[in-house]
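Asker: Chain residues, written in single-letter form:
Protein chains: 2
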Amino acid sequence: MGTASNVSKRKRPRRSRPIVSVLRVGHRAGRDPRLTTHLALAARALGADRMYLEPPDPELSARVASVVRGWGGDFEVVGVDDWKKVVRTTDALVAHLTMYGLPLERVLPRLRRAPKVLLVVGGAKVPPDLYRAADVNVGVGHQPHSEVAAVAVVLDRLLGDPPTGRWPRAARSVVPRARGKKLVEHRGKR
Amino acid sequence: MGTASNVSKRKRPRRSRPIVSVLRVGHRAGRDPRLTTHLALAARALGADRMYLEPPDPELSARVASVVRGWGGDFEVVGVDDWKKVVRTTDALVAHLTMYGLPLERVLPRLRRAPKVLLVVGGAKVPPDLYRAADVNVGVGHQPHSEVAAVAVVLDRLLGDPPTGRWPRAARSVVPRARGKKLVEHRGKR
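Protein sequences appear in the order of chains A and B.
Sequential numbering from 1 applies to the first sequence in the working numbering.
Sequential numbering from 1 applies to the second sequence in the working numbering.
Each hint should be verified, as a subset may be incorrect.
Identical copies look the same in the list; a pair holds intra-copy or inter-copy alike.
To be verified - Lysine to aspartate or glutamate pairs mimicking DMTMM-like chemistry, simulated, CA-CA at most 20 Å apart:
hint, residue 1, residue 2
1, 181, 81
2, 181, 135
3, 125, 81
If you're looking for bench data, these hints aren't it; they were derived computationally from the structure.
Because the structure is a prediction, the values reported are computed rather than measured.
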């Protein structure tokens with residue numbers, strides 16, 4: 001409902017946001033459970049629609065599904081046996097996040113123009129094929145750090161502020177406060 | 001050295017950037033080593049100058065110090081026995097990152113104006129005192145996710161693109177590439 005006057009005040013048109021998924025390659029169920037859980041929850045909280053997990057980890061998928069039941073939305077962790085198949089068959093722009101890739105600020109316009117983006121992160125050992133299979137290799141900085149941080153920064157740059165308030169079908173939600181915690185339960189109102 | 005003409009083209013004055021540190025409260029050395037390492041490395045890569053760690057974890061500090069020796073800069077993990085003392089004695093604006101806090105976009109102008117910011121993140125059990133001791137409680141979204149993601153997003157919003165190229169005194173650095181990996185060793189040139 002923009003009037004001519006507030007449209008003219010805009011610095012640039014509101015951009016449409018891509019649909020973003022994450023693919024985690026080389027998860028080690030015994031060693032990475034908490035890190036990969038953080039990755040999945042950060043992806044969800046910052047607006048990704050799903051995370052593919054290679055190899056599958058049904059326990060982790062179930063843990064995240066239980067968070068989704070409580071906090072709402074449609075996010076899911078989908079186990080996959082073959083990451084190459086996901087990369088080959090997706091219609092998304094495949095962006096492999098690696099400290100060796102091109103600077104994020106340079107690649108960002110291309111990511112923003114894509115209707116769909118698949119962010120791929122490797123584990124300790126990234127298969128060399130991944131560098132070739134990706135449409136673009138992107139570095140969130142060029143220092144060793146964390147796939148959780150890299151995915152978070154890219155999602156924030158692409159999608160902006162995460163939604164506040166109750167998510168669809170959530171059993172509970174937070175009321176933001178300056179001090180302390182306020183949680184609202186929505187039981188019976190789903 | 002801006003000329004009148006390029007100054008007038010600027011949408012807004014280039015803002016000065018705060019000095020940002022991180023304080024991790026309630027680290028459990030046995031359980032959190034990889035997560036806290038990711039937190040420290042993400043803090044470093046995205047421009048924080050140090051991380052305080054309560055309780056201290058000398059092994060973790062040493063691991064991060066070894067990354068700093070290789071990749072440069074001055075980042076350090078400083079073990080502390082009493083997080084309250086750090087919060088009480090700092091001259092930084094203390095921002096506790098919590099999903100219960102005020103939305104980041106609302107608090108960001110205040111963080112940007114501060115000369116120094118201390119980002120505080122809790123572990124599984126956040127001491128209730130922390131909500132009161134902080135100058136501001138800030139939510140990066142209001143969904144459960146990851147302290148690594150939260151710190152990464154705030155650092156990125158506050159400090160912008162991390163520096164490319166070789167960091168001071170680095171033994172090695174990455175040459176960003178569209179495909180594959182290129183690492184340069186600077187031995188003998190430190």
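Asker: A separate judgement is required for each hint: does it hold in the structure or not?
Answerer: Structure-based check of all given hints:
1. 181 with 81: The answer is neither: 41 Å in one copy and 26 Å across copies each exceed 20 Å.
2. 181 with 135: between (43 Å within a copy, 15 Å between copies)
3. 125 with 81: within (17 Å within a copy, 35 Å between copies)
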